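Work out the full structure: start from the sequences and follow the hints.
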Amino acid sequence: MKAAVITFPGSNCDDDVVYTLREFAKFDVTTLWHQERPALGEFQLVVVPGGFSYGDYLRSGAVAALSPVMEKVKEYAGNGGLVLGICNGFQILCEARLLPGALAKNESSKFQCKDVYLKVEDTNTPWTNQMKPGEVVQYPIAHGDGRYVCEIDSKSLADVDGVLLTYCDAKGKNLPEANPNGSQLAIAGISNKARNVFGLMPHPERATDLRSQHGKKLWNSLLSHLNAKGGNA
Amino acid sequence: MRIPDSQPSTPDMAKSLGVTPDEYHHVCKKLERPPTFAELGIFSAMFSEHCSYKSSKPLLRRFPTTGKRVLQGPGENAGVLDIGNGWAVAFKMESHNHPSYIEPFQGAATGVGGIMRDVFTMGARPIANMNSLCFGSTDLEKTRSVVKGVVKGIGDYGNCVGVPTVAGQTLFHPCYNRNPLVNAFTLGLLKSDEIFRGFASGVGNLVVYVGSKTGRDGVHGASMASKEFSTEAEPDRPTVQVGDPFTEKLLLEATLEAMKAGLIIGIQDMGAAGLTSSSFEMAERAESGLEINLDNVPMRETGMSAFELMLSESQERMLLVCEPDKLEGLTKIFEKWELHSNVIGKVVEGHRVKIEKNGEVVVDLPVELVTVPPMASRPKVVPSDLKQRWFLDRNRLFTSSIEAKLDLVFTDINFASAQPIVHQYDSMVGNRTEGGTFDDAALLRLRDIPGSKSKLALTVDCNPRITWLAPREGGRRSVAEAAVNIAIMGGDPIGITDCLNFGSPENPEVMWQFEEAIEGISEACEALKIPVISGNVSFYNETDGVPIYPTPMIGMAGLVTDTQRVPKTSFASSEQDILLIGPAEGGLGGSVMTSLFFKRECGQPEDTDLNLLNRMLKFCERLRKTKFSYSIHDVSDGGLATAMLEMALHSAVPGIGFTAKIPQGADPDRFLFGETIPRVLVAIDPGHRTEIETLASQAGVGFTLIGETNESGEMKVLQGGLEVAKRPVAAIRTGWENRWKPCFE
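Line order of the protein sequences matches chains Y and F. Per our numbering: the first sequence = residues 1 to 233. Per our numbering: the second sequence = residues 1 to 745.
Here are the simulated lysine to any residue pairs, SDA-like style, with alpha carbons at most 25 Å apart: (1) Y:Lys105 <-> F:Val242; (2) F:Lys332 <-> Y:Thr31; (3) F:Lys627 <-> F:Glu691; (4) Y:Lys105 <-> F:Cys743; (5) F:Lys716 <-> F:Gly687; (6) F:Lys213 <-> F:Glu335; (7) Y:Lys173 <-> F:Ala652; (8) F:Lys148 <-> Y:Leu58; (9) F:Lys213 <-> F:Gly329; (10) Y:Lys26 <-> F:Glu434; (11) F:Lys30 <-> F:Met375; (12) Y:Lys110 <-> F:Thr138; (13) Y:Lys216 <-> F:Val566; (14) Y:Lys216 <-> F:Glu434; (15) Y:Lys171 <-> Y:Val160; (16) F:Lys336 <-> F:Pro324; (17) F:Lys354 <-> F:Pro366; (18) Y:Lys114 <-> F:Gly735; (19) Y:Lys114 <-> F:Ala652; (20) F:Lys354 <-> F:Ser201; (21) F:Lys152 <-> Y:Ala178; (22) Y:Lys110 <-> F:Leu171; (23) Y:Lys110 <-> F:Arg144; (24) Y:Lys74 <-> Y:Val63; (25) F:Lys152 <-> Y:Val63; (26) Y:Lys110 <-> F:Asn738; (27) F:Lys741 <-> Y:Asn106; (28) Y:Lys105 <-> F:Gly149; (29) Y:Lys110 <-> F:Lys142; (30) Y:Lys110 <-> F:Asp139; (31) Y:Lys26 <-> F:Gly451; (32) F:Lys726 <-> F:Asn414; (33) F:Lys148 <-> F:Ile102.
Just so you know, these hints were derived from the structure itself, not from any lab. Note that the coordinates shown come from a computational prediction; the quantities given were computed from them, not determined experimentally.
Rendered as structure tokens:
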């Protein structure tokens, strides 16, 4: 299985993702420089990692979304390729219009780094099929601009397509105090209509062989999906 | 009119730039002419206390700096220690105190940026930052704004570059009201045979400038020069530099990539005194000469003089030396990272630095005249009121109840959850952090080293209260406490860096404190058989003419090789015995409780028993090799009462409570509030208690069963079976969690 991890100037979780994909998920990982325009067809997964691409100048992810490599990522996603954006990667995917909505400054206006609880909202996806509906997982967050804002003023999760993870307390309740950044409807991770593009603010790669280890559930879902697909093909 | 760079200087100019008459005379005599104005600027920077260590250098020679792990001792950008398997760590701590008071956000941010550059210029990838912050009274609005700005500055910079902030120490005391301390530590990882140094060697090699353009920011002394000598009114220039962590990240990646490609001969960060210190120090180490043409320095502003270019402290710049045929490859790498690189000079025969601007030689100086300044002679004297400071009125202490004393300690500003601070730092980026911010020391796995199970333990420690009362003991204790913290997390100490924050060296009492603290640090390091591998001295820290409490900050690294466990530092269950390992009582001199009770630091601190310290480390080593689980935490500020409570406050067990039994014959104050190092608490299932006691006996450290955990939600103190104090944990927790929050509103 082959994965590509993209490095922008200012990416700083690229190596963490490379390590995790190699060590845990046994991917053959290639890193791509943002100026490249490679054919992505050979990869089963493309990851846009966390960090501060272009120093978050202008708007988080805004400059990176215009990088040459992102043209190829859009093409790849359009062909149904799996694209995962973590933290700054999520911001970039939103800015590139591969995912709906936007990420604004945390309600507290402070950077926050801590473990949070997440409720699994949909398991019928390449990213969550090894999780149970309503299951609570724990990943850390580390961001200043993580407040998810929907495109339309939705009042309930039922109105928003593609929400996979929401911030919650240890028991799975979406309480305001369990929402670390003021995200609308407590949305922590969302996918596109086709479910092949997924972005989330929390860091599964930091919770794979350290901390809660719940990140494994995401990688296992991915592997299970890819293996099934491979089997069908 | 501005003073031309090549104009001969005068004694008045020297005085205005802070060069003493003796120093100026020395320079004129050696040169057989007065230095030019530009040269004078160079002397003013390099002879400053900050760059020259002219008051401290002879005393710093006392430090033990050798050992089998030492690959690089003091004198380079950072020290380097071998950690086995062909790998090494480079680390250093540095102060950014004065800038952080003037402009807290930028001052702290650029402090973090500077120390990270010191580490990656050694060829090491930074993997951990720590910081030590001392602030004034939170009653002052200025303090609160400094705290907020400093924490945001540290966070924004480290978070963006992607180096986790894994541990730290924050304390508040009025002696820092107008002089907060911001000490930043960085540790980096490198291959032990791939160390880079600040050497400008190889005649004909090129001197290359990389990174941000040079502006007038931080031009040391230049504003003063303008006032004294210029008739042309110039706007005030910022004396605090502005940091750009994004550029730093690019510089970090580009530099490491160029090093890996074998394109760099020598490299140095342009830190304090910018281009001046980097060029002269690199020539000094290589015993070479340099020719530099300043017209090739990329400038952010027009019309900059040689004086300004040489003294600018613009951030995120490096000076490096490469072979001419490597230049193309080097330029390509820096271009990839969207950075400029400019050849500004070359290495030449001889041992002089010659600098040209607009076709005119404005500086032509022998290297050692600049890098070997005349040492300052600093008298030392024992403070006249030392004996008064040591008086501790025990009789008055007896008049107060234990509960009243507990309340004093538990409502102290320094007794607080660090959460409002540490959650603003990315403590995990890099995917190595296994334990940290809320533990006794940070614990990092070294996933970079194939097949290695070793981990690093890191901590920063200092006790200014003790150091003010007894500087030698203060130095000793800072090292001892750091060592205990490292051992608790499973490590053996391997070396330290220091950041010595003191008042004015022209004050003989301060010089006495300085010498004593160095002696104490040295004694403790010798006892532990660990070296001092790098460090920094910050003098002239004063509030309203009164020196700060001497604050010799210690950053210690330890290596964990014989265990994979991540120790718990809080209570893990409500049915455990609590053992105190080490002496049942501790000294009250300089303790938190007595300081609060008497509203001033008083009493003579008791000496740390360094033999006992080594036995305690042995005990910790044996303990971590056991198979059963335990919780462990050291007794330090606030004494046993605070340590026990911290184990409850960090505990995830609902309704956790505990009892503390004052041992028969023990002095309640000394038992509960004494702060002698080393004392360690171990909480354990009752079934394993005797095994712990055996380990303690074998290691030659005393032990006392002092209580147990329960589900009462209360702290109870018993004496002779009777309850003498009781406090609800939940109520204390509320105060503890919220105490520092007002600083961030």
